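Asks: Sequence:
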Amino acid sequence: YFLDVGQGDGILLRSESGVNMVIDGGSTSEDELGRYVMLPAIKYYGMAHIDYWFISHTDKDHISGLVYILELGIRSGIRIDNIVFSYSMEDEDAFAKLLALAEDNEINVMFMESGDYVTDDSFMLMCTHPDRRYETDDINDVSLCLSYISDECSALFTGDMGDDALSYMLLNEREYLLSDYDILKVPHHGSRNSLDSDFYNQINFETSVISCGENNSYGHPHEEVLEYLNLCGCIVYRTDQYGAVILSFNQGKVSVETYYKETSP
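In the numbering used here, each residue carries its 1-based index in the sequence shown increased by 133.
Read the hints as simulated data drawn from the structure, not as lab findings.
Since this is a predicted model, take the numbers as computed values, not measurements.
One or more of the hints may lead you astray.
[To be verified] The calculated BS3-like cross-link candidates involving lysine-lysine, where the alpha carbons are at most 27 angstroms apart (straight line), are:
hint, residue 1, residue 2
1, K176, K230
2, K193, K230
3, K193, K176
Please model the complete structure; the sequences and the hints are all you need to start from.
Replies: Here's what the structure looks like:
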């Protein structure tokens, strides 16, 4: 479930065996995202028990909804077993706040680097970036990149990775990536800075989803990114145009629903 969070990211993922996972959950355009989007959606889709909540990085547009839920504590009606960060997270205020809230709520905190994974034998969700050798001053480039693989589908969730991080991943962490994915969460809301031609030339995607706010001030998604996606031949869904995008897989067949608009891009 790619939720319509405005300018940000918020993804709900349920494995075939019923493991509930969330990736990010924040917005800079929706001030009460946690109250009006994240919390209702999690309950509506029957995910009040979340096994893993992954944080790609700690920019507001990726964590504000989670912060709201954690601050509510037991009143939220949500139980979270694990919050998962990149090993490369800096000791900055937003990260420290999340650690404190996790402790207050007695939630286990985990850290991943490339090659680490979680699984229950019906799926594997592997970290493909970053590793501990990668150095950058840009928090976006140490976004936790996650590769989901099961018998039903495969998906790559890229956070806000820029072109430098994507290039590094292809050169140094390629062994953790597939050559073909059913779904791509387009990096950094379709920013021009996230466009790496080798990335799109070396990895194939059937469907891509861009999470961005309507008429956002950043100009996301960039026209050049859209052109590359079209050249790759993949179907493109944008939350600013289609609302929430829901992809379901059953025996090799995919069905797509959108919240309030047409399903055909």
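Asks: Taking the hints in turn, state whether each one holds.
Replies: Against the structure, the hints come out as follows:
no., hint, result
1, K176 with K230, "holds (24 angstroms)"
2, K193 with K230, "holds (12 angstroms)"
3, K193 with K176, "holds (22 angstroms)"
Of the hints listed earlier, there is not a single one the structure fails to meet.
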